[in-house]
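Colleague: Given next are the chains, with one letter for each unit.
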Amino acid sequence: MNRTVLAFGIVLAAALCAVFYLALGKDPSYIESPLIGKTAPDFALKAVGTGETVDLAKYRGKPVVVNFWATWCHPCWDEHPTLTAVSQTYGDNVQFLGVVFQDDESKITNFLRERGWAYPTLVDERGKTAIAYGVGGVPETFFLNRQGKIVAKYVGPISPDELRTDVAKAMAQ
Amino acid sequence: MKKLSLIAVLLFVVPLLAQTANVKVPDADTLVGAPKGQPLTGDELTRTTQEIASTIRCPVCQGLSIADSPAEMAQNMKAQVRELLSRGYTREQIDSYFERSYGQFVLLAPKFQGVNSLVWTLPILALIFGIFVVFMKMKSLEKAPVADSGNQPPATGNSDDPYLARVRDLVKGDQQ
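Here the protein sequences line up with chains A and B, keeping their order. Residue numbers for the first sequence, in the numbering used here: 152 to 324. Residue numbers for the second sequence, in the numbering used here: 907 to 1082.
The set of hints was computed from the structure by calculation and includes no laboratory data. Fair warning: this is a prediction, and the values are worked out from it, not measured in the lab. Mixed in with the good hints there might be a few duds.
Stated by the list, open to error - No farther apart than 20 Å at their CA atoms in a straight line, the calculated lysine to any residue pairs in the SDA-like style are these:
1. K258(A) / V274(A)
2. K213(A) / T235(A)
3. K300(A) / Q246(A)
4. K209(A) / V929(B)
5. K189(A) / V274(A)
6. K209(A) / T936(B)
7. K209(A) / D193(A)
8. K209(A) / P932(B)
9. K189(A) / D935(B)
10. K1017(B) / E183(A)
Work the whole structure out from these sequences, hints included.
Modeller: Structure, rendered in structure tokens:
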């Protein structure tokens, strides 16, 4: 009887240790996106500054980087120069789009005037686009291939190397 | 003057309205299909919104539902639940709508499928195992032979243990 209890305890402890070991080094706040490999939800949103409507479908046939951000998000300030600089190196080969949610248009305009911009920044009123993309916090960046499928998602402020790696994935497929 | 005003309207206001009208957000129709239920209104809409919202996790909070969280993201999601119910979407379709974007993480109660079924079954199995262990232990205690009284220390009488003798002396001393 004692052996049965001991064996059960050992199995339980081993299972727990395995779970803890597998979780080591993983960010507990990171949520694997179920959208990877699926067609990106379509949107057509108003661009800050110009007032034009920018339709995602227009860029089908070209890799697209969709970056969700907000002016109240400090990590977004950090990655803004990276996105601006790297987007310029790709020119017309890759389309970058910024999508701002939970923000005020005048604050966005001031932010972009101060820090510069290299691609359209769109306003996501009432956060519907962010919800459809499963955004849990900003910044989050999605990488779409030429067919409009999401091939990668990056959570948090992205570095130039990480950005180029994920853009390469979008360009390869 | 009137003509000038009309031209101004045509030149500025109409294009602006046209641009706004072109704004398109990802719609439930394209994500989970056409509504399968009846559109809700009034108190029923409010009550059902609250019920469903209390089962959907706020993605920017720590273990709060979108019904309980004051976060703007949660409020937007709750508004989305209300809108979908008012358009006739069913509870299952609304769950699928959010699950499609966030995965099962967004549901506060995981579904009984795949690895998640362990969350429901393991506690019951552990309880049954615990009852079994207790039952077996009680049975073995019942079967155990009564201890030989010869091996028991005498309840009274002399002992060679000097410590016990000392304790007895002290007790006797207190009683006198």
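Colleague: Taking the hints in turn, state whether each one holds.
Modeller: Hints, one by one, checked against the model:
no.	hint	result
1	K258(A) / V274(A)	holds (12 Å)
2	K213(A) / T235(A)	holds (18 Å)
3	K300(A) / Q246(A)	holds (14 Å)
4	K209(A) / V929(B)	holds (14 Å)
5	K189(A) / V274(A)	violated (23 Å)
6	K209(A) / T936(B)	holds (18 Å)
7	K209(A) / D193(A)	holds (10 Å)
8	K209(A) / P932(B)	holds (15 Å)
9	K189(A) / D935(B)	holds (16 Å)
10	K1017(B) / E183(A)	holds (17 Å)
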